[in-house]
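Enquirer: For reference, the chains in residue letters:
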Amino acid sequence: RSGEMAKSTQLIDNEVFRAYATYTAIVLLKMMLMSLVTAYFRITRKAFVNPEDVASFAKGESAKKFLRTDADVERVRRIHLNDLENIVPFVGIGLLYALSGPELSTALLHFRIFTGARILHTLAYLIPLPQPGRGLSWAVGYAVTASMAYKVLKTVFYP
Amino acid sequence: RSGEMAKSTQLIDNEVFRAYATYTAIVLLKMMLMSLVTAYFRITRKAFVNPEDVASFAKGESAKKFLRTDADVERVRRIHLNDLENIVPFVGIGLLYALSGPELSTALLHFRIFTGARILHTLAYLIPLPQPGRGLSWAVGYAVTASMAYKVLKTVFYP
Amino acid sequence: RSGEMAKSTQLIDNEVFRAYATYTAIVLLKMMLMSLVTAYFRITRKAFVNPEDVASFAKGESAKKFLRTDADVERVRRIHLNDLENIVPFVGIGLLYALSGPELSTALLHFRIFTGARILHTLAYLIPLPQPGRGLSWAVGYAVTASMAYKVLKTVFYP
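Chains as they are written, first to last, in this note's numbering: chain D, 1 to 159; chain V, 1 to 159; chain S, 1 to 159.
Misleading hints may appear alongside valid ones.
Which copy? The list can't say, so a pair holds if one copy fits it or any two copies do.
Mimicking EDC-like on lysine to aspartate or glutamate, the simulated pairs with C-alpha atoms at most 20 Å apart in a straight line are [said to hold, decoys possible]:
#: 1; residue 1: K30; residue 2: D72
#: 2; residue 1: K59; residue 2: E15
#: 3; residue 1: K151; residue 2: D13
#: 4; residue 1: K64; residue 2: E74
#: 5; residue 1: K46; residue 2: E15
#: 6; residue 1: K65; residue 2: D13
#: 7; residue 1: K151; residue 2: E61
#: 8; residue 1: K154; residue 2: D13
#: 9; residue 1: K64; residue 2: E52
Since the hints were made in silico from the structure, they are not lab data. Bear in mind the structure is a predicted one, so any value in this text is a computation, not a measurement.
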């Protein structure tokens with residue numbers, strides 16, 4: 001029986017880990033959504049980067065006018081890159097944090113604030129809202145990840 | 001003995017987790033390969049971005065002609081960024097999925113299709129193949145990750 | 001009692017995993033630091049990309065002169081992207097490696113060399129040092145991750 005209890009699925013029975021899994025799946029899906037938004041803007045703004053992407057509807061000189069940058073497309077690409085820069089640390093440090101034995105309520109607070117802040121960041125960037133809307137939402141997510149990293153290093157430090 | 005079975009190496013005895021580890025290592029190595037392909041194109045096309053990178057073989061005005069963008073280099077860099085955008089969610093969501101207790105055969109199907117789709121995507125982007133070759137291979141990898149995220153959220157949802 | 005030992009916190013009692021957690025938190029914090037360095041250079045060089053970022057201190061034509069690229073800002077952004085390209089594989093493959101039962105001393109050697117190499121890479125890129133300083137520090141980190149991937153695939157291969 002001890003073998004059975006030691007199966008890998010045990011992690012998924014831990015409430016903190018389930019909360020981590022839930023919010024990690026949500027923020028990664030939010031990040032993935034940026035690919036679809038980029039595609040939407042590329043198609044509606046007719047702004048592509050690869051010659052093979054315009055070959056089906058334009059040839060020669062007329063193709064070239066669709067190979068261009070567009071302000072809205074570039075904005076969405078910046079959101080996507082900013083997500084990578086911020087969600088990757090959350091996913092990595094958050095996993096270690098979830099395994100470091102935090103209080104469930106504290107962990108939920110971290111995960112919920114981060115997720116809310118990143119959704120606000122995307123909206124503030126996309127609309128766009130006047131600053132410091134985007135800056136603050138970015139800083140809140142950053143501070144949450146730094147707080148988790150502090151807890152991880154305090155708990156496990158083994159340099 | 002129960003303590004021994006509970007060691008962290010147990011995860012690595014779980015078949016689904018071993019499959020996850022295998023395919024994650026493969027797709028991350030594939031992504032890392034793009035760094036070498038970028039370096040190869042930068043050197044063969046003589047297209048660099050940092051002044052210190054050309055200082056050993058060109059000075060002053062002649063150095064400037066090597067500080068330029070090149071269509072092939074930019075193409076490889078787009079593949080690399082697309083890998084980051086798609087392989088990061090696979091690695092994060094795939095870990096949670098592997099821990100959520102899926103059927104081994106279902107998990108293998110997800111991991112194999114994703115890995116095959118990303119290899120096809122790289123080839124379609126690099127050659128390049130006519131569309132929708134690249135678009136379809138991208139969409140298949142995206143759908144696999146979304147399917148794993150759905151299973152994770154259905155299994156662990158703890159918001 | 002076996003149930004207690006099987007709790008998820010067990011991973012965090014494993015010395016190799018604690019070492020992994022320590023160095024992963026450090027390199028992810030180092031990567032996050034690049035966001036602050038980018039912000040610092042954007043503000044001191046007055047080089048922004050979003051119109052809403054300059055709206056508080058410049059209007060109309062005078063705003064346009066702050067919407068520009070700056071060599072130092074672009075350099076920091078390249079460091080940040082290079083971190084993503086290299087630290088993401090380290091975090092993913094390193095986790096699998098830590099779970100694959102390596103010797104503690106071997107694991108520490110991998111984690112310490114990678115972390116040192118990435119810190120050197122950032123310094124070499126930022127100062128910048130003459131090549132091959134940056135190239136070598138990049139290659140060392142790359143080789144460490146490849147070595148861990150080899151160990152993972154040798155241990156768990158389940159294709």
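Enquirer: If a hint holds in the structure, say so; if it doesn't, say that too.
Expert: Here's how the hints hold up against the structure:
no.	hint	in the structure
1	K30 x D72	within (18 Å within a copy, 31 Å between copies)
2	K59 x E15	neither (57 Å within a copy, 51 Å between copies)
3	K151 x D13	between (22 Å within a copy, 15 Å between copies)
4	K64 x E74	both (18 Å within a copy, 17 Å between copies)
5	K46 x E15	neither (46 Å within a copy, 46 Å between copies)
6	K65 x D13	neither (55 Å within a copy, 55 Å between copies)
7	K151 x E61	neither (58 Å within a copy, 47 Å between copies)
8	K154 x D13	between (25 Å within a copy, 14 Å between copies)
9	K64 x E52	within (11 Å within a copy, 30 Å between copies)
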